Amino acid sequence: MEDNAIMETFYISHGSPTLAIDDSLLARHFLEHWREKIFSKKPNSILVISGHWETDETTVNSVQRCDTIYDFNGFPKTLYELKYPAPGAPDLAKRVKELLKASGFMTVQVDKKRGLDHGTWVPLMLMYPEADIPVCQLSIQTHGDGTYHYNMGRALAPLKVEGVLIIGSGAATHNLGSLQHGNDVTVPPWAAEFDKWLEEALLSGRYDDVNHYEKKAPHAKLAHPWPDHFYPLHVAMGAAGDNAKAELIHRSWSHGTLSYASYKFTAASN
11 MEDNAIMETF YISHGSPTLA IDDSLLARHF LEHWREKIFS KKPNSILVIS
61 GHWETDETTV NSVQRCDTIY DFNGFPKTLY ELKYPAPGAP DLAKRVKELL
111 KASGFMTVQV DKKRGLDHGT WVPLMLMYPE ADIPVCQLSI QTHGDGTYHY
161 NMGRALAPLK VEGVLIIGSG AATHNLGSLQ HGNDVTVPPW AAEFDKWLEE
211 ALLSGRYDDV NHYEKKAPHA KLAHPWPDHF YPLHVAMGAA GDNAKAELIH
261 RSWSHGTLSY ASYKFTAASN
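Those letters in the sequence shown? Residues 11 to 280, per the numbering used here, in order.
Just so you know, the hints here were simulated from the structure itself, not pulled from any lab data. Accuracy of the hints is not assured; some may be wrong.
[As the list claims (entries may be wrong)] Subject to a maximum C-alpha distance of 20 Å in a straight line, what follows is the list of computed DMTMM-like cross-link-like pairs (lysine to aspartate or glutamate):
#1 LYS107 <-> ASP66
#2 LYS122 <-> GLU46
#3 LYS225 <-> ASP155
#4 LYS255 <-> ASP238
#5 LYS52 <-> ASP142
#6 LYS231 <-> GLU257
#7 LYS122 <-> ASP81
#8 LYS87 <-> ASP13
#9 LYS123 <-> GLU64
#10 LYS225 <-> GLU203
#11 LYS226 <-> GLU210
#12 LYS47 <-> ASP121
#13 LYS123 <-> ASP101
#14 LYS51 <-> GLU140
#15 LYS104 <-> GLU67
#16 LYS206 <-> ASP219
#17 LYS47 <-> GLU64
#18 LYS226 <-> ASP155
#19 LYS206 <-> GLU257
#20 LYS111 <-> ASP101
#21 LYS51 <-> ASP238
#22 LYS123 <-> ASP77
#23 LYS87 <-> ASP32
#24 LYS123 <-> ASP66
#25 LYS111 <-> GLU140
#26 LYS51 <-> ASP77
#27 LYS52 <-> ASP121
#28 LYS122 <-> ASP155
Because the structure is a prediction, the values reported are computed rather than measured.
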């Protein structure tokens, strides 16, 4: 195995864009200590599958320098002044397309203009604030299912040997219509039960159950009325490889129903 090879993939719950500026969020501190406590190796490049980029056809971005996309409204002005000018990763984009096409994803588009949405730049700003690592984004397809995205991840697994850090960025629970505000905020049973089911399923290696979470998980439709923020998890799972071991690396909540549960997947040793 090459010296720069990476054994791990990750699923990060990025929550609200205010993660970038709100020091009261425990998830912010988790990501700020990423290199110290979670993953100390500097990757050659980073591939992020974000819940904020949905396309009809699988698409990868290929740019020289990443623009910062403010894909949200009504937030504090400070957020719109932040920038994450990471270099793009056109060589990685080409490799992603090659691997996907070789695995049966026959239509893979390349977007030569798109920058980084907040599902990518907000966590990366905390994890790698120097913005000196090339970054590439891959879209999700909500007409696909969990297994589709798991297989997408399996196709991308060889990238780890090439020193690419693969991150799925979403939210372990994501029902924006159920968010609570104010000081008296509690986690409702349905959110806690789904979150706990996910932990138990992942840590016991029941990945097929997670691929079919709509039928297997309690309160699946409440936890994810739309699957956009969950499918990045399936890509990270698949990219870890067969018999990968999952580990819960963070759990916190905001607004009562928004889980920041995040996971590491470590490839099985040969």
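Now for the hints, and whether the structure bears them out:
1. Distance restraint check for LYS107 and ASP66: the Cα-Cα separation of roughly 16 Å lies within the 20 Å cut-off, and the hinted pair is therefore satisfied.
2. Between LYS122 and GLU46, the direct Cα distance comes to roughly 34 Å. Violation of the 20 Å bound is thereby established for this hinted pair.
3. Between LYS225 and ASP155, the direct Cα distance comes to roughly 12 Å. Compliance with the 20 Å bound is thereby established for this hinted pair.
4. Under the criterion of a C-alpha separation no larger than 20 Å, the hint pairing LYS255 with ASP238 is inconsistent with the structure, at around 24 Å.
5. Only pairs whose Cα atoms come within 20 Å are accepted, and LYS52 paired with ASP142 is accepted, the gap being roughly 10 Å.
6. For the proposed pair LYS231 and GLU257, the alpha carbon gap of about 24 Å is over 20 Å, so the pair is violated.
7. Taken as a hint, the LYS122 and ASP81 pair is honoured in the structure, with Cα atoms around 18 Å apart against an allowance of 20 Å.
8. Simply put, LYS87 and ASP13 have alpha-carbon atoms about 43 Å apart, too far for the 20 Å limit, and the pair is violated.
9. Among the hinted pairs, LYS123 with GLU64 is consistent with the structure: their alpha-carbon atoms are about 16 Å apart, no more than 20 Å.
10. With a C-alpha separation of about 15 Å, the suggested pair LYS225 and GLU203 falls inside the 20 Å cut-off, and the hint holds.
11. With a C-alpha separation of about 12 Å, the suggested pairing of LYS226 with GLU210 holds against the 20 Å cut-off.
12. Straight-line distance between C-alpha atoms of LYS47 and ASP121 comes to about 34 Å, which puts the hinted pair past the 20 Å bound.
13. Restraint check for LYS123 and ASP101: satisfied, since their Cα atoms lie roughly 15 Å apart, inside the 20 Å limit.
14. Note on LYS51 and GLU140: the hinted pairing holds, with a Cα-Cα distance of about 15 Å set against a maximum of 20 Å.
15. Taken as a hint, the LYS104 and GLU67 pair is honoured in the structure, with Cα atoms around 16 Å apart against an allowance of 20 Å.
16. In summary, the hint linking LYS206 to ASP219 is supported, as the alpha carbons are separated by about 14 Å, within the 20 Å threshold.
17. Straight-line distance between C-alpha atoms of LYS47 and GLU64 comes to about 32 Å, which puts the hinted pair past the 20 Å bound.
18. Taken as a hint, the LYS226 and ASP155 pair is honoured in the structure, with Cα atoms around 14 Å apart against an allowance of 20 Å.
19. Proposed proximity of LYS206 and GLU257 is supported: the alpha carbons are some 13 Å apart, at most 20 Å.
20. With a C-alpha separation of about 16 Å, the suggested pairing of LYS111 with ASP101 holds against the 20 Å cut-off.
21. At roughly 29 Å between alpha-carbon atoms, LYS51 and ASP238 are farther apart than 20 Å, so this suggested pair is violated.
22. At roughly 9 Å between alpha-carbon atoms, LYS123 and ASP77 fall within 20 Å of each other, so this suggested pair holds.
23. Taken as a hint, the LYS87 and ASP32 pair is honoured in the structure, with Cα atoms around 13 Å apart against an allowance of 20 Å.
24. Between LYS123 and ASP66 the alpha-carbon distance is near 17 Å, which keeps this suggested pair within the 20 Å criterion.
25. Straight-line distance between C-alpha atoms of LYS111 and GLU140 comes to about 33 Å, which puts the hinted pair past the 20 Å bound.
26. For a cut-off of 20 Å, the pair hint linking LYS51 to ASP77 is broken: about 25 Å separates their Cα positions.
27. Simply put, LYS52 and ASP121 have alpha-carbon atoms about 26 Å apart, too far for the 20 Å limit, and the pair is violated.
28. The straight-line distance between the Cα atoms of LYS122 and ASP155 is roughly 27 Å, outside the 20 Å bound, and the hint therefore fails.
The structure fails to meet hints 2, 4, 6, 8, 12, 17, 21, 25, 26, 27, 28 from the earlier list, while all remaining hints are met.
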